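Going down the list, the sequences are from chains A and E. The first sequence begins at 1 in the numbering used here and counts up by one. The second sequence begins at 1 in the numbering used here and counts up by one.
Rather than coming from a laboratory, the hints here were simulated on the basis of the structure. These figures come from a predicted structure and were not determined experimentally. We treat Cβ as the ideally placed atom computed from N, Cα and C, and that holds for glycine. The reader is advised that the hints may include incorrect statements.
To be verified - To give a feel for the contact side, a few chain A residues facing chain E, derived at Cβ under 8 Å:
(1) 127
(2) 316
(3) 317
(4) 319
(5) 328
(6) 331
(7) 475
(8) 478
(9) 481
(10) 484
(11) 486
(12) 487
(13) 510
(14) 511
(15) 521
(16) 523
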Amino acid sequence: MTSFDEIYSKSKSRYQELESGNKPWIRIGTAVCGEAAGSKEVVDRIKSDLRSLGVDANVSEVGCIGLCYAEPIVDVIKPGGPRIFYGNVNPDIASEIVKSYVSEDDYRPDLALAAMSESDVDGVMNMKDLPMWSKQVRVALRNCGNIDPMEIGQYIATGGYAALDKAVNSMTPEEVLKEVQDSGLRGRGGAAFPTGTKWSFLARSPGPVKYILCNCEEGDPGAFNDKGILESDPHSLIEGTILAGYASGASNGIVFIRHGHEGPINRTLAAIEQAYELGLLGNNILGSSFSFDMEVSLTGDSYVAGEETALMESIEGKRAMPRARPPFPAAYGVWGLPSNINNIKSLSYVPEIIAKGGEWFAGIGTDGSKGTAILCLSGNIKYSGMIEVPMGLTINQVIYDIAGGTPDGRKVKFLQTGGPLGGVLPDEKMDVELDFGAMSQAGAILGSGGLIVADERACAVNMARLLVAFCQYESCGKCFPCRLGMTNLIEILERVSNFASRPEDLELMTNIGQNMAAGSLCGHGQLGWNPVQSALKYFPDDFSAHMEEKRCITGQCAQQITTPQRTRSRWSPVQLLELKV
Amino acid sequence: MASENSEINLIIDGKQITTQTGNTILQAAMESGLYIPYLCYYPGMKPYGACRMCVVEVENGRGTPASCTTPVAEGMVVNTDTQQIQDLRKGITELIISEHPHGCLTCHRTDINGANLCGPEDICLRHVSVTDRCVSCPKNERCELKDTTIYVGTGLTTPMTYKYRNLPVLNQDPFYDLDYNLCIVCARCVRACDELRGDNAITLTERSGISLVGPAYGSSLLESGCEFCGSCIDVCPVGALVESDYKWDKAVESTSTTCPQCPVGCQLKLEVNKRGKVIRVIPELEAEANRGQACFKGKFGLDFINKRSRLKSPMIRRDGALEDVSWEEAMSFVADKLNLYKGSGFAALSSSRSTNEEAYILQKFTRSVMNSNNVDHSSNMRPEVTEILGDVLGYQAATNSIWSIEESDCILVVSSNVTEEHNVASVAVKRGSKNGSKLIVIDSREVELTRSAKLWLKPRPGTDSVLLGGILKVIFDESLEDQEFMNARTDNLDNFKNSLWKFDLKKVQEITGVDESDIRTAARYIAESDSTSFIYALDNLNDAQRSESTRSVINLALATGNIGKNNGGLYPLRSGTNDQGSWDVGCVPHLLPGYKNLHDSAARASLEQNWGLNIPEETGLGLKEMFPAIITGDVKAMMIVGNSTNFSNGDLGDVLESVKNLEFLVVQDAFLTDIGMLADVVLPSVTFAEKEGTFTNMERRVQPLKQVLEINNTYAMPDWWIITELAKAMGYDSFNYHCAAQILDEISNNIPFYAGIKYDRLLSKEGILEPAGIPNFPIPSQMIPASGGRNTGIQWPCLDVQHTGVKVLYTNIDDSNKFSMQSLEIVDGTSVTTKEYPLLFVPGRVLHDSDDVKIEVINNKNVIVRDEVLQLNPEDAKRLDIGDFEMIQLESVDEKLTFQARIVKESFVGVVSSTTLFGSLITQLDASEDPDPMGNVPTLKTKAVRVSKQGS
């Protein structure tokens, strides 16, 4: 068994060769955002240009650095030259870059997005001054966009798995647990439950087989940070999971990814395999007595599968429907064995917490919410992307200072946070701090970190209708209040949107919503009333215009609106019967 | 943390309640007589928490949890009826009826309490004239949703837009009508199929607002793995799932009685309409034998009671034709005739459905009136499975109860088609297997249980006993036996161990074709489990092999200490409904009532004294000897009670041909059957639903038959009455019985282990709860008590009227009477094949097969269409020049079938096998013209065949 030091020194020397060797190193972001913007073509062009020009360079496909608005991003570092990021690169620009900078010495300030260097580079903005970058503190996202996620060596060279080595070889599980408890880390999946406390429940459950489940179902519209981490830096999740297993005495880890997220799935599978090869997973990890196994499990196409008990059902191969609690997962989880479910983001913090200490992490953020917030910015904003900022920044700072406000300077009308169940936050409430407590006081949740910005052209009724439509479409159909409540709610909202509402509809809607909130089995139904409730609370005028004046203030609801509904598939008994007859 | 089974105190609605740890709030409330409305909860199923009708408030708790999923905790204070809860429940019912047709609530003739004011001759809102019930829904007056809606006080309509699903009613599958417009998606049916039955034939389909239930991928029930047990229908709270037959009929009465279809002895509620027809069969939820379950035979196969082809009057053959006569004439005619055949020239057979009383009275009649010991029951085809059991252990009966199989850590099933022949017992097996019991199936056929098996050993046909010997050998080779038990309770160990030397594993593997490693695994599973249940019917073996296999199974139970244990024991499976009772009361040629030997003169003398009549000493002829004796002329007159499948399926040779040689044949039956057609006198008897009596089931439980129906439009009489009257007509006035209970009294006086069993004890007195009467809150229709109360059963030995029976036999260690280990022999697996039919055909039947199954709709009924596949060994295929996928013909003495060939290396040489789908059997039964089709369900019998290319 090779010791961790050997693995590290081998990885480090290879990485140093890339970073400061005598060849240029070109990194291209090929995560989903980059790919959608055309990064594959850019990679191809760069490779073919390098060949035809006869230039020797290292090319790596890396993950997402978070500046999604600027994708595809090409990042070139040259021996002796500065590290330059080029944004919105198309194949032609890529050819220019290869010709001018890679093979010659002109770093083309006209094409450059920013430079990452200690000293200023002439004519190019320093990364530190880039609005989207300047306020970031990258802990979980530390490697995203920097390393090739398919190369475990690059992760190790940048400090990866050192925390694991430290934990399994020089710390007791209790010490690791204590470090996480000290860090004040709270779950980033939405409920913000203290991670250390959660692990301690599992640690107390009887073994020997216990599960750590990592939830990357991430079905919220406007949220892509879990996928981003898995795609850009799967090893930080794997290391975090193993550490969680060590701290809570678990023996198995399952990463649960939504079917269809090909990038995260493939990169996680590859990463797990590489970790096994180096003895970082499997029996007697790094020569210690601790053993841990990990696998990937895929969901079907279901939003509710992200609910913790539905997720366990899904792993067991059953229909993704929530179980009744109690028993709670720590006592009766997947396959009836003690389990603990963590969000990808929460686990990705853990290696850094162990490496640098819980106290260090607790030093970031606010009193009630330690550490950083990983946010996904989208909607009517100038700079969309995935960022990591310290807790305690205000939403206004995030929207105006980081994301640059709306593209054409229009007034922001509201913000949709925390997924479709999170509701909306009006402009005047946006001075709220990024803090679990403060956010929920303001009537929103930080949730999974998705922030969708809507400017004044957006209609709150329409937004509420769309969010309920999503929730209705994704209801698993198990409990009556959610299955039937959502169906009736969307029907009423559709009436409102079409100016055909009845006088009693407001009261009826409220009744249904409150019954859903009080009666539903899981969060999906319990929170399903949130979007309408907050839209009603903050934008009553939008509703009264639709309902009383029969018009839409913004004009968004001008046309006859129908909401997509599930239809019985070809395989339903009824349709099959029709086929047969 | 509270330890298990400790008590917990809580307060529900101000009432102090004590309940067990692990109970939910709902269960605790129900136990103490408090009602919380519910729609998806069902007794016996796991908490589900979907309908949210049972929400409650827990003080200092968060929100409004569902009481069906929330476990009780010490000191909990629960309120079930606050204003908030009431509003929530109303809100939910409003949502439900927004898509559930609720004409039953809004009809102008329904008052606010849901009372139905419609009467005969009224014109209903559907513009039809009402006969005797509301015609808006098949579940009318039994609908839990309607009752619950009214109970929670929802207005009669919903403020939401009513959305009818407009789906066609699915009635193509046999026996079931599925109207998903009425479904409320409580998933009780799905959970019943999964949790209660272990079948998973149906699932939830689709999602969100259009979520429903049904077979996966929209397949039909026929191909989904449905065993048509009707469990889903029984639990459905609304009219979505109902029985097709008599769907719109209203019951005026329901009576609980014992099912006559198999030895499980399910307690069933028979619902009767005002015209005196049995319209619906609902298994009793709290019956010990079946725990709310039934099977296709019991649920859908009792319609024969209602058939018009029932015999109505006694008949005497005159000039070759049967003529209706009066009872007096028939009796004096038979009496005169039988007086001529007293002695060993007379033989009598009772049927598999004869009650204890009838079997007893028939053997008494045969022995004391006819002076012959030629008496048996027609289903007594496998006496070896219990006779040896009696010799070794003491009683010829299963040692434990059916449902303790579910709790066994290991279950061994040897050559038994439990799912079809003892269905509800297979439910216990499957549920056990689902909960982690190791199920081992030894069978050369693919039967339904192989699907649930952890290990399926597939021996060459006829080699089961050798395989069992091999398993025993491994147990002793690896010292896995329960030495403590064996030392304390067994003897003859040395002889037994010496006999094991023959079972060298290499040789066993060679003979049986089962891998040595599999034999070892099976042995370890059996021996290393805390408890093992052994279930054996030993189908398709000859008598010698069956004896040897029985010895091996008993040895296995003794070697692993599974005698006198709670969850481990022996379960011999006999085929006839009341075989156990027939043996108990001496309806066999060589034993007197209570298993006393005929040649035991003291026993005979005491019985003679009790009867006041003489019993002949000469050994009688058994079932298998009677028919040859007819040919030789030794038996000249015969009395046959009931028809038996064994008469026509060739098991006993050509019975119909041999009875033609009789000088005088009397048949008692409810229908004119093939053997009745040959009789000189046919006496009409009533069905199980029209008489009283008792059956003894496979777990020794004596259960009552109750008279469900008056005997209408026919002069048919109970068999015991016929025999009694006949004896009187022959001048034996001591046959003075006026009811079945009186005969049972005589039985219990003569048989010590029946001593405490009295008819009235079985009805509703001790040992069971009194029926509560229909309570004033909504309950599932399966829980509505039968009008006559529930029955109980008593497991013999029951030594006096205070004794409640014995669940587990042999729990007391008796040093003077040790169990003798049985020496074993390797018995040659002599084959039934002949020169003309050189191959052995091994049929199988499974619930579900994913391959090549298509469904066609013929006459608006689903029918399975597929090429049946015959598996054969490459060697045989080569010899017969048959290629893979070629169409071939299979011929036996009595049938010709077409198959597609599949050449399979694992097949044994000389053996061909095929597996049909259970759904096909159900289609046949549904379409059958036979008045009693379930009585003749074809068993999976191996037979000699020849195979040839089609057309050649």
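Quick one: which hint numbers does this structure break? Sort them smallest to largest.
Structure breaks hints 1, 2, 3, 5, 6, 13 and 16.
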